[in-house]
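> Could you slot chain B onto chain A? The hints should help.
Just so you know, the sequences run in chain order A and B. Counting from 0, one number per residue, gives the positions in the first sequence under numbering that gives the first Met the number 0. Counting from 0, one number per residue, gives the positions in the second sequence under numbering that gives the first Met the number 0.
Derived from the structure by calculation, the hints contain no laboratory data. Mixed in with the good hints there might be a few duds.
Cβ-Cβ distance ranges computed for the label pairs, FRET-style [what the hints assert, rightly or not]: (1) A:Tyr-66 / B:Glu-218: 15 to 23 Å; (2) B:Ser-51 / A:Gly-147: 43 to 51 Å; (3) A:Pro-134 / B:Asp-77: 51 to 59 Å; (4) B:Arg-80 / A:Leu-102: 51 to 59 Å; (5) B:Arg-39 / A:Gly-147: 51 to 59 Å; (6) B:Tyr-188 / A:Leu-102: 53 to 61 Å; (7) B:Pro-150 / A:Arg-137: 50 to 58 Å; (8) B:Pro-150 / A:Ala-38: 38 to 46 Å.
Even glycine gets a Cβ: it sits at the ideal position worked out from N, Cα and C.
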Amino acid sequence: MPDAPGLELIRGQIEAEHPGAVIDTGFAQERAVLVIDPAHILPVLTWLRDAPGQGYRFLSSLHAADYLPAEPRFAVHYELLNRDRVERLRVKALLADPGEDSLPEIDSCCELFPTAEFQEREAYDFFGISFRGHPDLRRILLPEDYVGWPQRRDFPVGGEPVTFTYNERNYG
Amino acid sequence: MEVERQTMRERQLRARDMLRGDLEGEELERYVEERVVLTRFEEMLGWARSNSIFPLTFGLACCALEGIPMAAVTARYDIARFGAEAGRASPRQADLIVLSGRVSIKMAPIVRRLYDQMLEPKWAISMGACSSSGGMFSNYAVVQGADKIMPIDVHVPGCPPRPEAVLYGFTKLQRKIQGNPDQGWRARYSAHGTEEWARGGPRSEPSGEAAEAYRAARELIGA
Numbered sequence: 000m001p002d003a004p005g006l007e008l009i010r011g012q013i014e015a016e017h018p019g020a021v022i023d024t025g026f027a028q029e030r031a032v033l034v035i036d037p038a039h040i041l042p043v044l045t046w047l048r049d050a051p052g053q054g055y056r057f058l059s060s061l062h063a064a065d066y067l068p069a070e071p072r073f074a075v076h077y078e079l080l081n082r083d084r085v086e087r088l089r090v091k092a093l094l095a096d097p098g099e100d101s102l103p104e105i106d107s108c109c110e111l112f113p114t115a116e117f118q119e120r121e122a123y124d125f126f127g128i129s130f131r132g133h134p135d136l137r138r139i140l141l142p143e144d145y146v147g148w149p150q151r152r153d154f155p156v157g158g159e160p161v162t163f164t165y166n167e168r169n170y171g
Numbered sequence: 000m001e002v003e004r005q006t007m008r009e010r011q012l013r014a015r016d017m018l019r020g021d022l023e024g025e026e027l028e029r030y031v032e033e034r035v036v037l038t039r040f041e042e043m044l045g046w047a048r049s050n051s052i053f054p055l056t057f058g059l060a061c062c063a064l065e066g067i068p069m070a071a072v073t074a075r076y077d078i079a080r081f082g083a084e085a086g087r088a089s090p091r092q093a094d095l096i097v098l099s100g101r102v103s104i105k106m107a108p109i110v111r112r113l114y115d116q117m118l119e120p121k122w123a124i125s126m127g128a129c130s131s132s133g134g135m136f137s138n139y140a141v142v143q144g145a146d147k148i149m150p151i152d153v154h155v156p157g158c159p160p161r162p163e164a165v166l167y168g169f170t171k172l173q174r175k176i177q178g179n180p181d182q183g184w185r186a187r188y189s190a191h192g193t194e195e196w197a198r199g200g201p202r203s204e205p206s207g208e209a210a211e212a213y214r215a216a217r218e219l220i221g222a
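If we strip away everything but chain A, and leave its shape as in the complex, we get (with noise of 0.2 Å):
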């Protein structure tokens, strides 16, 4: 993990190259967070993993979290791992909910690390996060004809509500 004037540096050569791309930097969860504005994610990544002295090359997860109340409400989250150094990196793109009708877009970065196809589609099946550019963009793990999204924060639990006598005399 890169320590806090390290993460400084990497933001500063960023905004070097992509003004605009780094929104803030923090840590949490003791990892180190780059906050990146979706519409550069894609040079950032790539810069990240082929830029000399970086060489975060494994991207060992991807996945998005939904901060309802939070604005913007999406993220997405690439946790990047250099196995040279055993350094971790966590580069988290913030999505804005577009509304009912459309999904919140970003681009896909399955050219950079194969890996990802699948945590994209698994990303898409959960959270509705469409990514633009994927081959193969479907539900992987529910099935094919569900609907809804259902690990956003305001899907409902579904399940069946059992009511016991002492919770009816209660609180019922």
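Relative to chain A, chain B alone:
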């Protein structure tokens, strides 16, 4: 028919005479009467069926690992004592399907298809809390009780059920196959009418409350 009390030695001698053909007349009649049991054909068939069940080699989730091979089938509890050790890998050869674990909505059509492919007579055991009621998975992905997609003969509670519970459920199924099913506890204790229902009664929409909570949550965030 009156069976005389005889010593074991006398019985053995008579059996030997019977085999040699030395037994005749009234003695022969009495010998046959002692040893023949009359029953209905259905009962005999049920007895035979219940003691030679071929379960489907099939697992859904963790109960398939905890319960079936580790507990019921292996030597310590040994379902072979009840004549059900011959697991069949094809539903067309199986009599019994054990739903061992949660039935997800993606798996439900496949489970139903397996059940439909089994030949009559066929039975189903729902093993564990998850396949009986959804268990802890009260969510969008799991069928809330496998009896919504197929008929179930015996529900075995537990998470996972003890091996004894699985075998107890199995013997209950055997009695059912023999045409002599056990009464439910409500029948035993005359407790009909004490069922508990979710709010709104038996015919209320199952997910009505969830939808209401969903609407309330949307309003709360001003969406």
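> Work down the list of hints and note, for each, if the structure agrees.
Verification of the hints:
Restraint check, A:Tyr-66 to B:Glu-218: a C-beta distance of roughly 19 Å satisfies the suggested window 15 to 23 Å. Range check, B:Ser-51 to A:Gly-147: about 47 Å between beta-carbon atoms, so the 43 to 51 Å window is met. The hinted range of 51 to 59 Å is satisfied by A:Pro-134 and B:Asp-77, whose Cβ atoms lie roughly 52 Å apart. In this structure the supplied range 51 to 59 Å holds for B:Arg-80 paired with A:Leu-102, their Cβ-Cβ distance being about 57 Å.
With their beta carbons about 55 Å apart, B:Arg-39 and A:Gly-147 fall inside the hinted range of 51 to 59 Å. A beta carbon spacing of about 55 Å between B:Tyr-188 and A:Leu-102 agrees with the range 53 to 61 Å that was offered as a hint. Roughly 34 Å separates the CB atoms of B:Pro-150 and A:Arg-137, a value that falls outside the hinted 50 to 58 Å. Against the hinted window of 38 to 46 Å, the Cβ-Cβ separation of B:Pro-150 and A:Ala-38 comes to about 56 Å, which falls outside the hint.
Checked against the numbered hints above, the structure violates hints 7 and 8; every other hint is satisfied.
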